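If you use the UniProt record's numbering, the sequence shown corresponds to residues 1 to 311, in order.
In short, the hints are calculated from the structure, not lab data.
None of these values were measured; they are calculated from a predicted model.
Each hint should be verified, as a subset may be incorrect.
[To be verified] In silico SDA-like cross-links for lysine to any residue, where the CA-CA straight-line distance does not exceed 25 Å:
hint : residue 1 : residue 2
1    : 113       : 124
2    : 113       : 147
3    : 94        : 134
4    : 94        : 147
5    : 286       : 156
6    : 113       : 88
7    : 94        : 81
8    : 113       : 123
9    : 113       : 137
10   : 272       : 311
11   : 94        : 138
12   : 113       : 67
13   : 272       : 26
14   : 286       : 298
15   : 94        : 57
16   : 272       : 35
17   : 94        : 49
18   : 94        : 170
19   : 286       : 155
20   : 286       : 307
21   : 272       : 245
22   : 286       : 306
23   : 272       : 57
24   : 272       : 218
25   : 272       : 67
26   : 113       : 85
27   : 113       : 57
28   : 286       : 311
29   : 94        : 72
30   : 94        : 75
31   : 286       : 183
32   : 286       : 267
33   : 94        : 61
34   : 272       : 214
35   : 286       : 134
36   : 113       : 86
37   : 286       : 265
38   : 272       : 248
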Amino acid sequence: MSDASPLSRLLDALGSAVVGQPRVLADLVTAFLARGHVLLEGVPGVAKTLTARSMAGALGLSFSRVQFTPDLMPADILGTNIFQPQAQSFRLMKGPVFTEVLVADEINRTPPKTQAALLEAMEERQVTIDGVTHPLPPHFFVVATQNPLELEGTYPLPEAQLDRFLMRVRVGYPDADSEGALLRAYHQREGRAPTVTRVLDAATLTELQDRAARVACDDSILQYVVQLVRDTRAHPRVRLGASPRASQALLAASKAHAALQGTDFVTPDDVKAVAFSVLNHRLLLKAEAEVEGVTADDVLRQMLERVRVPR
Numbered sequence: 001m002s003d004a005s006p007l008s009r010l011l012d013a014l015g016s017a018v019v020g021q022p023r024v025l026a027d028l029v030t031a032f033l034a035r036g037h038v039l040l041e042g043v044p045g046v047a048k049t050l051t052a053r054s055m056a057g058a059l060g061l062s063f064s065r066v067q068f069t070p071d072l073m074p075a076d077i078l079g080t081n082i083f084q085p086q087a088q089s090f091r092l093m094k095g096p097v098f099t100e101v102l103v104a105d106e107i108n109r110t111p112p113k114t115q116a117a118l119l120e121a122m123e124e125r126q127v128t129i130d131g132v133t134h135p136l137p138p139h140f141f142v143v144a145t146q147n148p149l150e151l152e153g154t155y156p157l158p159e160a161q162l163d164r165f166l167m168r169v170r171v172g173y174p175d176a177d178s179e180g181a182l183l184r185a186y187h188q189r190e191g192r193a194p195t196v197t198r199v200l201d202a203a204t205l206t207e208l209q210d211r212a213a214r215v216a217c218d219d220s221i222l223q224y225v226v227q228l229v230r231d232t233r234a235h236p237r238v239r240l241g242a243s244p245r246a247s248q249a250l251l252a253a254s255k256a257h258a259a260l261q262g263t264d265f266v267t268p269d270d271v272k273a274v275a276f277s278v279l280n281h282r283l284l285l286k287a288e289a290e291v292e293g294v295t296a297d298d299v300l301r302q303m304l305e306r307v308r309v310p311r
């Protein structure tokens, strides 16, 4: 990928604001190229919201943030029809979902009814209010966040909701050098939040997504993806494996990752690079596996070692 390529400029712009998280940024861009959505999981203070806001700024897209709370209602996200006495008619007051980049902060702090309000928007890029369907922008992109450690007063996302996210990306602490660079940048900005300027226009965004969708994929790679996903269903530690939708998600993310690397065909390394983020939230482990401390990542690691890589 040349230094002048649009995707290189995008990653550089994001990296100037979000320091020490190159893998997270790569996964975020990969999901956007694949026209998917992302669940960022990490403890407070690791720049999850900043990452999403920086993404919107670099892409030049409109941005809305919703703080999910126990009293949040579906209408607070979608909007509602308000009666206008003078006109004797109803007028739609659009909610924050009518944007291009929607940040759903702490999505697991709101009840399932409100969480489900995003299902149609994420899957079909449209919203139905009082029986009327309203389209969302073509680049509609949801970045949800949640804290995996603090469980009191939370509502774990149901499997159907988790499945709408192309990727669940774990955001960890930066290394010592990166944290030092982050602190120096904070000091130089005199405590102000970093800003990211637009580096891509709308036409380029569509072209990049279309190019990712057209990345070539040999039949051996397709069979590799199928075998990986089917292997999750046969694993002795797994109660419920990944679905055919997961196969499609893994393929789409692999093609987008190849496009991000500047190649026009998918390799097994592209599949491996995205497999954990695409599949780790789609597996339900058996109770005894959880008691023993086995994680979905452990299962996926075994699966990637066991399934034969195409040559």
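So, going through the hints one by one against the coordinates:
1. This hinted pair checks out: residue 113 and residue 124 have alpha carbons roughly 18 Å apart, not beyond 25 Å.
2. Restraint check: the Cα-Cα separation between residue 113 and residue 147 comes to about 20 Å, which is no more than 25 Å; the hinted pair holds.
3. Restraint check for residue 94 and residue 134: satisfied, since their Cα atoms lie roughly 10 Å apart, inside the 25 Å limit.
4. The straight-line distance between the Cα atoms of residue 94 and residue 147 is roughly 28 Å, outside the 25 Å bound, and the hint therefore fails.
5. At roughly 17 Å between alpha-carbon atoms, residue 286 and residue 156 fall within 25 Å of each other, so this suggested pair holds.
6. Of the pairs offered as hints, the one joining residue 113 and residue 88 is violated, with about 31 Å between alpha carbons and a cut-off of 25 Å exceeded.
7. Only pairs whose Cα atoms come within 25 Å are accepted, and residue 94 paired with residue 81 is accepted, the gap being roughly 8 Å.
8. For the given pair, residue 113 sits about 17 Å from residue 123 by alpha-carbon distance, which is consistent with the 25 Å threshold.
9. Between residue 113 and residue 137 the CA atoms are separated by roughly 24 Å; this keeps the pair inside 25 Å, and the hint holds.
10. With a CA separation close to 14 Å, the supplied pair residue 272 and residue 311 stays within the 25 Å bound.
11. A C-alpha spacing of about 17 Å is found between residue 94 and residue 138, which places the hinted pair at or below 25 Å, so the restraint holds.
12. Taking the CA atoms of residue 113 and residue 67, the gap is about 16 Å. The hint holds against a cut of 25 Å.
13. Our distance criterion of 25 Å between C-alpha atoms is met by residue 272 and residue 26, whose separation comes to about 14 Å.
14. Distance check on the hinted pair: residue 286 and residue 298 sit about 13 Å apart at the alpha-carbon level, within 25 Å; holds.
15. Among the hinted pairs, residue 94 with residue 57 is consistent with the structure: their alpha-carbon atoms are about 22 Å apart, no more than 25 Å.
16. This hinted pair checks out: residue 272 and residue 35 have alpha carbons roughly 19 Å apart, not beyond 25 Å.
17. A hinted pair counts as satisfied when its Cα atoms are at most 25 Å apart, and residue 94 with residue 49 qualifies at roughly 23 Å.
18. A threshold of 25 Å between alpha carbons decides the hint, and for residue 94 with residue 170 the separation of about 32 Å lies outside it, so the pair is violated.
19. Of the pairs offered as hints, the one joining residue 286 and residue 155 holds, with about 20 Å between alpha carbons and a cut-off of 25 Å not exceeded.
20. With a CA separation close to 21 Å, the supplied pair residue 286 and residue 307 stays within the 25 Å bound.
21. As the CA atoms of residue 272 and residue 245 are separated by approximately 18 Å, the hinted pair is consistent with the 25 Å bound.
22. For the given pair, residue 286 sits about 20 Å from residue 306 by alpha-carbon distance, which is consistent with the 25 Å threshold.
23. Using a Cα cut-off of 25 Å, the hinted pair residue 272 and residue 57 is violated, with the two alpha carbons roughly 29 Å apart.
24. Distance check on the hinted pair: residue 272 and residue 218 sit about 16 Å apart at the alpha-carbon level, within 25 Å; holds.
25. The straight-line distance between the Cα atoms of residue 272 and residue 67 is roughly 34 Å, outside the 25 Å bound, and the hint therefore fails.
26. Of the pairs offered as hints, the one joining residue 113 and residue 85 is violated, with about 31 Å between alpha carbons and a cut-off of 25 Å exceeded.
27. Only pairs whose Cα atoms come within 25 Å are accepted, and residue 113 paired with residue 57 is rejected, the gap being roughly 31 Å.
28. Distance check on the hinted pair: residue 286 and residue 311 sit about 34 Å apart at the alpha-carbon level, beyond 25 Å; violated.
29. Simply put, residue 94 and residue 72 have alpha-carbon atoms about 16 Å apart, close enough for the 25 Å limit, and the pair holds.
30. Between residue 94 and residue 75 the CA atoms are separated by roughly 9 Å; this keeps the pair inside 25 Å, and the hint holds.
31. About 42 Å separates the Cα atoms of residue 286 and residue 183, which puts this hinted pair outside 25 Å; it is violated.
32. The suggested pairing of residue 286 with residue 267 is violated, with an alpha-carbon distance near 32 Å, which exceeds 25 Å.
33. Only pairs whose Cα atoms come within 25 Å are accepted, and residue 94 paired with residue 61 is accepted, the gap being roughly 18 Å.
34. A hinted pair counts as satisfied when its Cα atoms are at most 25 Å apart, and residue 272 with residue 214 qualifies at roughly 20 Å.
35. Note on residue 286 and residue 134: the hinted pairing is violated, with a Cα-Cα distance of about 41 Å set against a maximum of 25 Å.
36. Annotation: proposed proximity of residue 113 to residue 86 is violated, straight-line Cα distance about 33 Å (limit 25 Å).
37. A C-alpha spacing of about 37 Å is found between residue 286 and residue 265, which places the hinted pair above 25 Å, so the restraint is violated.
38. Of the pairs offered as hints, the one joining residue 272 and residue 248 holds, with about 15 Å between alpha carbons and a cut-off of 25 Å not exceeded.
When each numbered hint is compared with the structure, violations occur for hints 4, 6, 18, 23, 25, 26, 27, 28, 31, 32, 35, 36 and 37.
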